[in-house]
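Using the sequences and the accompanying hints, generate a full structural model.
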Amino acid sequence: MNSKYDFQAIEKKWQKYWEEQNIFHVTEDPNRPKYYALEMFPYPSGNLHMGHVRNYAIGDVVARFKAMNGFNVLHPMGWDAFGLPAENAAIKNAIPPARWTSSNIVNMREQLKTLGISYDWDRELSTASPEYYKFTQWMFLKLYQHNLAYKKKAAVNWCPSCQTVLANEQVVEGSCERCDAAVDKKQLEQWFFKITDYAQRLLDDLEMLPGWPDKVKIMQRNWIGRSQGCQFSMDIEGCDEKITVFTTRPDTVFGVTYMVLAPEHPLVSVVSAGKPQEQQVQEFVKRMQYLSDMARTASDVEKEGVFTGAYAINPMNGEHIPIWIANYVLMDYGTGAIMAVPAHDQRDFEFARKYDIPVRVVIKGEESPLNADELAEAYAGDGVMVNSGTFDNYSVEDGKNAVIEYMQENNIGFGTVNFRLRDWLISRQRYWGAPIPIIYCDKCGIVPVPESDLPVILPEDVEFKPSGESPLNYVESFYKTDCPVCGGAAKRETDTMDTFVCSSWYFDRFCSPQETSLPFTRGAVDYWMPVDQYIGGVEHAILHLMYARFFTKFLHDINMLEAQEPFTNLLTQGMVLKDGAKMSKSKGNVVSPEDIIRTYGADTARLFILFASPPERDLEWSDQGVEGAYRFLNRIWRLVDEYADLIQEVSLPEDFSQLDENARKMRFKTHATIKKVSEDINARFNFNTAISAIMELTNMLNWYKDVEELDLAVFKEAINSLLIMLNPFSPHIAEELWQRCGNENSVQIQNWPKYDPQALIQDEIEIVVQISGKVKERIMVPVDSTEEELREIAQNNSRIKELTNGKKIVKIIVVPNKLVNIVAN
RNA sequence: GCGGAUGUGGCGGAAUUGGCAGACGCACCAGACUUAGGAUCUGGCGCCGCGAGGUGUGGAGGUUCGAGUCCUCUCAUCCGCACCA
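So the first sequence is numbered by our numbering: it starts at 1037 and just counts up by one.
One or more of the hints may lead you astray.
[Unchecked claim] Think about it this way: if two alpha-carbon atoms lie no more than 16 Å apart in a straight line, the pair counts; the simulated EDC-like pairs of lysine to aspartate or glutamate are:
1) K1221 <-> E1413
2) K1790 <-> E1745
3) K1048 <-> E1146
4) K1187 <-> E1529
5) K1741 <-> E1824
6) K1322 <-> E1413
7) K1589 <-> D1562
8) K1253 <-> E1575
9) K1040 <-> D1677
10) K1400 <-> E1386
11) K1230 <-> D1368
12) K1527 <-> E1551
13) K1854 <-> E1824
14) K1790 <-> E1715
15) K1618 <-> E1656
[What the hints assert, rightly or not] Pair ranges (Cβ atoms, derived):
16) D1615 <-> R1389: 45 to 51 Å
17) Q1794 <-> V1846: 37 to 43 Å
18) H1592 <-> D1518: 18 to 24 Å
19) R1835 <-> D1615: 19 to 25 Å
20) D1233 <-> T1284: 30 to 36 Å
21) D1497 <-> K1390: 58 to 64 Å
22) N1738 <-> K1790: 22 to 28 Å
23) T1284 <-> R1389: 19 to 25 Å
24) N1105 <-> P1486: 27 to 33 Å
25) M1244 <-> V1846: 50 to 56 Å
26) K1790 <-> E1838: 43 to 49 Å
Please keep in mind that the hints were generated in silico from the structure rather than gathered at the bench.
Cβ coordinates follow ideal geometry from the N, Cα and C atoms, glycine included.
Quick look at the structure:
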């Protein structure tokens, strides 16, 4: 008897079943190929949004599909639980961040469970738990031991009104997010990780990642920003110091007409001392100091600078050139000083024209002028060196090498490489993060917390000042401690770590989440890592993915794991849009996953979101599209439920060779669908077309069930295949119908079907006949007809005869099993 | 400015190797069932045209027997980076 598709009861039932049977729990199994499927873990904001649903639905298709194909699949989930929103909530609602966070986790875990994702919940972790951050701190200590964690002064964003440091994300158009005051820069002691030591490897090893989107690799390459050039020193007139510059254009060194120091450069005060310009220089430096990064480096800011009164000596030709300071030279790239070649660098050109500094052409391109007065802009193209003494007539490329060689021989400078990548500033003057395991002792200086004393526990019962300043500065029981070396009174570091540190190794932790003495066990991590498929938003293309790669390489180097790269394949999913815009509270276009699941069920939500667009592309939310997905599941329900009892009795034969025409058609469709769905999931990640193929199969079954001689074996085979293939997308309904068809085991543990090549053999096929490239007729022909036969058949077709009558046939192109094109005029 | 992506019916999208453009779904139209339909089923559905037919993948050229797909130029939208010497 027909029953109603009661998704609420069904979804609850099967979620309970999976949990009780613990069917997604995995352990290492050397006898089976492993597959590690991972979605970027969420920040526990308290509510699941559609972006999450999309992310996890995609991951679940991959995980379930791989499991059904015989892989031992690790598919874990956890919480990126430290971070700013918890502190803001604490200030606003007077709830301690720990409590706010854990209740959010409870809430989101419940929501996640209603989606029915195949997670091994036994491995759940939270980065804010002492069991986890103990090892985040351990990571810090290891980096410190290997001289990859260090402290130095750095300029940070400072809100003078709130009296606190701000993260870059909290600075909105140069102002404080909270109070709107103008943010300025302040020099503070900060902790850094020396990721720059890994710059070359992070760049080179992108080659090891063919499974990453080019877009992401290009972004990382640009971010690392390797540039090859040379570094050399210039003497200063009447001064013992030398100025070192980096350039990528040593071939233009004879065109240097001035040089520039960054305003923060330590030699600025030295070279300008006692000069008439000293006062002006100091004023300029001061002005630059107070400008935010934004005001200083935005592209529309005009170049400006002042002459220091000092001169440097070009070591190549002995010329004395003026030393300037200017806003467009940055202290933290290269050496903080440049040689300026206005003829061949656009920035220098603009600056020189503004301040009437001479311009000298030293590269002559085919079209470019020799006379500097004729330059409308800098010439950065190819050419040969001119006005360059013995180097004249060298090409740009050869000239670079020749000049570097000369500099090396004469101890002027040397060839070198510079990276744009900066060291990673990891300290945050905030409360809700992993405390940096460092102690300051008046006698012993900076002392790392001994490993055996980890974790440095973050006190949870704290009070927040309305200013937003970290409460750790006021918790005496936290910061007052003894020096581990001398035993004397000492003070703990009250800064905590950037949350990106926590997320740089969580995928390793998932391999052995209960381990207590090490962050992970070697056997487990080497069995599971690297992650085979990582899925998340493209917004993490640079930071998270770069940091995770850095950590993996470091852990590899200290012999903690085998992998050199954490993520073999990366899928960057598109955003979920509504009315063409990203869903957001301020736009009021948010669709709540909870509402959708309540109204239509998780299976419908998942199916729609996977069907509406391929995963990498943005997805336009459509309430009517959801209805469509829901209707489709209802159609499957009615179809299978009606015939469930009937097909229970049927056993599938080995041999399907004696079939009538309709049965053969049906079976062809079943196996063509198996082939297509398998390929679409496995090779292309095109879930939308996989689902459309399943819909076509369903449509065909609805036709076949009403034919006169229904072959129940063929019918049953199709239904079975349909349910198994539906499972990765909409697992609850698949389980329920599978059971109603009399199967005892979960559909999840079925083997993915293999298509039968016999079923795909056709004896007739439709080909197209074109006349001069336009389709004029379709003809059924025996499959694999030869070119000769096809030519014959096409030309004998009455309609084609008629249309070519009186025309001259120039040429006939035959593509077997596809088409015949008769070129006639 | 540099780098990347995208552009196909009323809408989301399909066309995987240069070979039937518009699969599948939504919306819409007509019909069936029905007390009723915002349920279900059947059929139709790019545009122009009564029709034969013509035409059509942002635009303009090109290569080819044949182009959504390849090449050149161009426009639009989105994303990333943005004085990196």
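Results for each hint:
Annotation: proposed proximity of K1221 to E1413 is violated, straight-line Cα distance about 34 Å (limit 16 Å). With a CA separation close to 26 Å, the supplied pair K1790 and E1745 exceeds the 16 Å bound. Restraint check for K1048 and E1146: the C-alpha separation of about 12 Å stays at or below 16 Å, so the hint holds. This hinted pair checks out: K1187 and E1529 have alpha carbons roughly 12 Å apart, not beyond 16 Å.
Taken as a hint, the K1741 and E1824 pair is broken in the structure, with Cα atoms around 41 Å apart against an allowance of 16 Å. Restraint check: the Cα-Cα separation between K1322 and E1413 comes to about 31 Å, which exceeds 16 Å; the hinted pair is violated. For the given pair, K1589 sits about 14 Å from D1562 by alpha-carbon distance, which is consistent with the 16 Å threshold. Taking the CA atoms of K1253 and E1575, the gap is near 13 Å; set against the 16 Å cutoff, the hint holds.
In summary, the hint linking K1040 to D1677 is supported, as the alpha carbons are separated by about 9 Å, within the 16 Å threshold. Distance check on the hinted pair: K1400 and E1386 sit about 20 Å apart at the alpha-carbon level, beyond 16 Å; violated. A threshold of 16 Å between alpha carbons decides the hint, and for K1230 with D1368 the separation of about 14 Å falls inside it, so the pair holds. About 30 Å separates the Cα atoms of K1527 and E1551, which puts this hinted pair outside 16 Å; it is violated.
Taking the CA atoms of K1854 and E1824, the gap is near 14 Å; set against the 16 Å cutoff, the hint holds. Among the hinted pairs, K1790 with E1715 is consistent with the structure: their alpha-carbon atoms are about 11 Å apart, no more than 16 Å. Distance check on the hinted pair: K1618 and E1656 sit about 9 Å apart at the alpha-carbon level, within 16 Å; holds. Here the CB-CB span from D1615 to R1389 is close to 48 Å, well matched to the stated 45 to 51 Å.
A C-beta distance of roughly 42 Å is found between Q1794 and V1846, which places it inside the suggested range of 37 to 43 Å. In this structure, H1592 and D1518 break the distance hint of 18 to 24 Å, their C-beta atoms being roughly 36 Å apart. Between R1835 and D1615 the beta carbons are some 49 Å apart, a value that contradicts the proposed interval 19 to 25 Å. Taken as a hint, the range 30 to 36 Å is violated for the pair D1233 and T1284, whose Cβ atoms sit roughly 22 Å apart.
Between D1497 and K1390 the beta carbons are some 59 Å apart, a value that agrees with the proposed interval 58 to 64 Å. Separation of N1738 from K1790 is about 25 Å and conforms to the stated range, judged on CB atoms against 22 to 28 Å. For T1284 and R1389, the hinted distance range of 19 to 25 Å is satisfied, since their beta carbons lie about 22 Å from each other. One distance hint, 27 to 33 Å for the beta-carbon pair N1105 and P1486, is violated here, with the actual separation near 47 Å.
Between M1244 and V1846 the C-beta distance comes to about 53 Å, which sits within the given range of 50 to 56 Å. Separated by about 47 Å at the C-beta atoms, K1790 and E1838 satisfy the suggested range of 43 to 49 Å.
Taken one by one, the earlier hints fail for this structure at numbers 1, 2, 5, 6, 10, 12, 18, 19, 20, 24, listed in ascending order.
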